[in-house]
Amino acid sequence: MASLTLSKVTKRFGVFDAIKDIDLSVEKGEFVVFVGPSGCGKSTLLRMIAGLEGISGGELMIGGALMNDVAPAHRGIAMVFQSYALYPHMSVRKNMAFALETAGMPKSEVTARVGKAASILQIEALLDRKPKQLSGGQRQRVAIGRAIVRDPQIFLFDEPLSNLDAELRVQMRVEIAKLHKELGATMIYVTHDQVEAMTMADKIVVLRLGQVEQIGTPLDLYNAPVNRFVAGFIGSPKMNFLNATLLSVSGAGAEVELADQRLLIPRGLASAQSGRIELGLRPEHAMLSGGDIALGRMEVILVEHLGGNTLLYGKLADGQMLTVQVEDQARTQAGDSVEIFTQARRCHLFAENGSAFTPV
Amino acid sequence: MSDTAPDMLPGMQRSRWSGVRKHTFLCCVSLVMLYPLLWMVAASLKPSTEILNTASIIPSHVDFSSYRRGWFGLDVSFGTFFLNSLIVSVLSVIGNVMTCSLTAFAFARLHFPGRNLCFAIMLGTLMLPYHVVLIPQYILFLNLGWIDTFLPLVVPKFMATDAFFIFLMVQFFRGIPRELDEAARLDGCSAWRIYYKIMLPLSIPVLATAAIFSFIFTWDDFFAPLIYLGDPGNYTSQVALRSFIDSSNQSDWGGLFAMSSLALVPVFIFFVFFQRLLIEGIATTGMKR
Amino acid sequence: MRERMTGAASFGGATRPPRTSKLQSIREGYGFLMPWLAGLLGLTLGPALFSLYLSFTKYDLVSDPKWIGMGNYVRIFSTDPKFWIAMKVTFTYVFLSVPLKLGFALAIAMMLNKGLRGLPIYRALFYLPSLLGGSVAIAILWRQVFSSGGLFNQVLAMLGIKGMGWVSTPETALYTLVLLTVWQFGSSMIIFLAGLRQIPADMYEAASIDGASPRRQFFRITLPLLTPVIFFNAIVQTIDAFKAFNSAFIISDGTGGPVNATLFYTLYLFQEAFSFFRMGYAAALAWVLVMIIGCITAISFFMSRYWVHYDE
Ligand SMILES: Nc1ncnc2c1ncn2[C@@H]1O[C@H](COP(=O)(O)OP(=O)(O)O)[C@@H](O)[C@H]1O
Ligand SMILES: [Mg+2]
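Residue numbers (our numbering), protein chains in the order written: chain P, 1 to 360; chain R, 1001 to 1289; chain X, 2001 to 2312.
Among the hints, a few may not be true.
What the hints assert, rightly or not - In silico DMTMM-like pairs for lysine to aspartate or glutamate, Cα to Cα no more than 25 Å straight-line:
| id | chain 1 | residue 1 | chain 2 | residue 2 |
| --- | --- | --- | --- | --- |
| 1 | P | K94 | R | E1179 |
| 2 | X | K2114 | R | E1280 |
| 3 | P | K8 | P | E53 |
| 4 | R | K1022 | X | E2205 |
| 5 | P | K116 | P | D151 |
| 6 | P | K94 | R | E1182 |
| 7 | P | K238 | P | E299 |
| 8 | X | K2022 | P | E53 |
| 9 | X | K2114 | X | D2210 |
| 10 | R | K1197 | P | D128 |
| 11 | X | K2022 | P | D69 |
| 12 | R | K1197 | R | E1179 |
| 13 | X | K2022 | P | E59 |
| 14 | P | K130 | R | E1182 |
| 15 | R | K1197 | R | E1182 |
| 16 | P | K132 | R | E1280 |
| 17 | X | K2022 | P | D151 |
| 18 | P | K178 | P | D193 |
| 19 | X | K2243 | R | D1246 |
Source of the hints: derived by calculation from the structure; they are not laboratory data.
Please construct the entire structure, taking both the sequences and the accompanying hints into account.
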């Protein structure tokens, strides 16, 4: 049985539709990440699940029960806020015990649960401090601890790591993933950072303007984005989009004109029409040698050495910009002219309206 | 700071001079402003023959006889008046803090139909001169048989009639992160529990500010006690001071100044110990005192 | 499966989990508003309506109110010389004391602003009169200070000037009250100081790099950016000044004397209501005061468009 189901869920703020007809189902124990640019409605959707925002239309089921109008505390969820939202006037212990005390749980049980959560998160030593006396990472742990003690069916996280510095962020990311394994609980995690999404998720939901663009595993989204938006959003550095013309589609593949050059991409395409298209190519899939397609020469404008790999920024013959990522430390210098290759299976083709031509 | 500070900026010499002038000026202004106050306190400590006919604030010797005379200067002692003032003020503080914070919480944090209309009305009452409701209120309290009791002075405070404090608290509550309420709701709190477990503990500064101002305003209130209190045994200190002038003690300036000074003491104590709260309260809300 | 605390089943045995419904939010909201609503209806709106009714009647607390239509208002505006005296006194007082008080408050605030040492001390000293000023004790003190044998004349005598009974002379009595109000400029000063602190320092840095003189900075940066605060202050102080009562009452022994020189509007209203028990007439006076304050506020807001500078 699905742990959470959304069907045709909608949220209106006045005349503005923040969430439009979202369908989603989350399995028990799954780690789902909502990702999308700022303002796309991730938080709103999460808060609707939590019960902090009303639902304007559609149905929200948790554990098989309709939850549209159920009070937040009775939905079987717990939430970790971006700002942590720890009660500043209570000790860590009190913060964690508060929900249990509110529910009238016996003292001994409260103590046991708080102790257990504290040991899972290794914050036993902090229990008598006030939130003010904690570092960012410690506050984060307490916020998670506050969720754990309630033993919810679903954990909700709203950008929980965005207030931490880069190093701590990576560390906490690993810990949350570990926690997920340990507790076996369903988790829904909101972030605008696609790296977090890729590394943590069992399933990613890409949102834009209140709508779902694509749902899939991280590699699904990387390998087969359904449109230009998802393709551009997932992956770093960002995918190159090159204006091209689709000349014909035949049994041999698609014939494309790019930068005054004709290429044959030996792949069948479903529902393709000739005309203007965009060719999407991830920087890490453009190569200086090898590959089965030649894209022509590129004049290198800027070289960025990252140590483990090198980014080349350059211009194709027709002036279109291209970013190429090559392994290791390339010797190429600005001003050089290099030949660019790629593999047919790495090419993505997008129609003018942005949707991808899917290979047959 | 040495005179030859190496990081002296051009024009600093001039500004130091103007600084001295400024300080001189400001000191003079403060002195002129505060001199009457000092003089009154000094006068209350002087032998009564020395009070008039001198602008000096230094008594030949300190003499507390004015306090004794003033304390018993009316048929009822000032002990009673101060006690009355204290009772009225403390009850008003309790009423104001309790009911205004409840009201402010609803305005700042709860969502319900009609909230914005109510809030607008509340702001409107902030502008309404007291005199419009004065006469009907008087008639109301007269019919309830409350004249010459403390009830007309205290009961309205338990009905959040001081819109000013509601406004002050709404402003403060809005500054408390909303996520805290939301977290509390997820933790199973009712609105009431959020109010007294989360909001109130986090609002101590504003509650204290409201309490102090409420105390001072009530302590100093003259109009309402003047209208509602008839029997001298019920007088608050402010009304008592007024009848002190009217009484035959007209010429006893020493006693009058002594009691006046005493009447200022509670306000002065709040000024000394809670200045920062008072000043912040004024700065954030534009309160008039 | 582990026992879960969430969900209705785990605690208290409620069979249906509580719902968040509109009805509940109404019950919650108005529950909190209960005391305020009771006060609003019973002590503010109800009485306001009743006083509006009374203002069309003749009522002395003893016999029943007698409807006289516009009678009270007609009398106020046509055959009541004391009303016009009260108006003149009140308007003189308001339009002298408020600008002087604000001007003084602004001047001192400007002086204190630029990182002056000892600012907290000065601020406190200047604020003290404002805090104490509403007390009857201060009004009594004022009455003594400006009486014929009072402190002010003592000081004048030391300078070789012969004073007079400032509070007992009709020509000067009102000015002592104006002075008492201006003396309490401290709270306005604090509001101005807070306003000045809101003006970003880099604006002044940019201006002085552009070569603007301090004078020009004041008129081109400080003053325009401070206009919202000035406006707000002016409104609050004006409304408050119309309602002034205590000082005039104490200084004139409740008479508004000498020769009605300190007959504040509120004092006149008080006399009509509680000395002569003309409750209907006093109610009409109260409503006229509301209209005056309302008009002045409305005019101020209208005019503010031309001089108050608001950020978008
Ligand atoms: N209470 C609200 N009233 C009106 N609009 C809102 C409200 N909350 C969010 N929005 C709008 O809904 C959209 C989605 O917001 P949000 O869910 O916070 O985005 P994000 O994906 O960055 O978390 C934004 O355009 C935001 O302005
Ligand atoms: Mg968000």
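Original post:
Within 25 Å, alpha carbon to alpha carbon, are K130/P and E1182/R?
Top reply: Cα-Cα ~20 Å, so holds.
**OP:** Verify the proposed pairing of K116/P with D151/P, using a straight-line Cα cut of 25 Å.
**Re:** holds, 11 Å
**OP:** Would you mind confirming whether the straight-line C-alpha gap from K8/P to E53/P stays at or under 25 Å?
**Re:** holds, 16 Å
Subject >> Given pair status - E1179/R, K1197/R, alpha carbons within 25 Å >> reply: holds, 15 Å
Subject >> Restraint status (C-alpha distance of K2022/X to D151/P at most 25 Å) >> reply: Measuring from Cα to Cα gives roughly 29 Å; hence the hint is violated.
**OP:** Quickly compare the C-alpha distance for K178/P and D193/P to 25 Å and report which way the hint goes.
**Re:** This hinted pair holds, its Cα atoms lying about 19 Å apart.
Subject >> Pairwise hint evaluation, D1246/R against K2243/X, where the allowed Cα distance is 25 Å at most >> reply: OK: K2243/X and D1246/R at ~24 Å, within 25 Å.
Subject >> Pair hint K2022/X and E59/P, alpha-carbon separation not exceeding 25 Å >> reply: Within the cut-off at roughly 18 Å; holds.
Original post:
Is the Cα-Cα distance between K132/P and E1280/R 25 Å or less?
Top reply: Satisfied, since the Cα-Cα distance of roughly 23 Å is no more than 25 Å.
**OP:** Assess, step by step, whether the Cα of K2114/X is no farther than 25 Å from the Cα of E1280/R, and give holds or violated.
**Re:** Given pair K2114/X, E1280/R holds - Cα atoms ~19 Å apart, limit 25 Å.
Original post:
Is K94/P within 25 Å of E1182/R, Cα to Cα?
Top reply: holds, 17 Å
Subject >> Proposed proximity, D128/P with K1197/R (alpha carbon, max 25 Å) >> reply: holds, 18 Å
Of the numbered hints listed earlier, the single one contradicted by the structure is hint 17.
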